[in-house]
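Undergrad: The sequence shown begins at 17 in our numbering and counts up one residue at a time.
I should point out that these hints are in silico values taken from the structure, not numbers from a laboratory.
In this text, all values refer to a predicted model and were calculated from it rather than measured experimentally.
It is possible that some hints are incorrect.
Cross-link-like lysine to aspartate or glutamate pairs, in silico, DMTMM-like; alpha carbons within 20 Å at most [as the list claims (entries may be wrong)]:
1) Lys58 / Asp42
2) Lys30 / Asp64
3) Lys58 / Glu68
4) Lys30 / Asp42
5) Lys30 / Glu68
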Amino acid sequence: MTNELRQRLVEAQKEGRPLRVYCGYDPRTSDLHLGHTITMRKLRQFQDLGHEVTFLVGTGTSMVGDPSDKDKLRAV
């Protein structure tokens, strides 16, 4: 995986293509904390360098796509 990612980054740089960078957050949990600002600031750095950034704060999809052992929709 690391070599594949590295190769894709090198190819994008050679071709002058911007990267597409994505990070998503679930605002319904109490686990959202100041530590998450690290990834938020990194997204801003990518944006400042001319890359395409997607910052997603999801609620609807986080109810269905819960990867934990829960098998029912979570309360909103």
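Undergrad: Next, verify each hint and record whether it holds.
TA: Hint-by-hint comparison with the structure:
no. : hint          : in the structure
1   : Lys58 / Asp42 : holds, 18 Å
2   : Lys30 / Asp64 : holds, 19 Å
3   : Lys58 / Glu68 : holds, 12 Å
4   : Lys30 / Asp42 : violated, 35 Å
5   : Lys30 / Glu68 : holds, 17 Å
When held up to the earlier numbered hints, the structure conflicts with hint 4 and nothing else.
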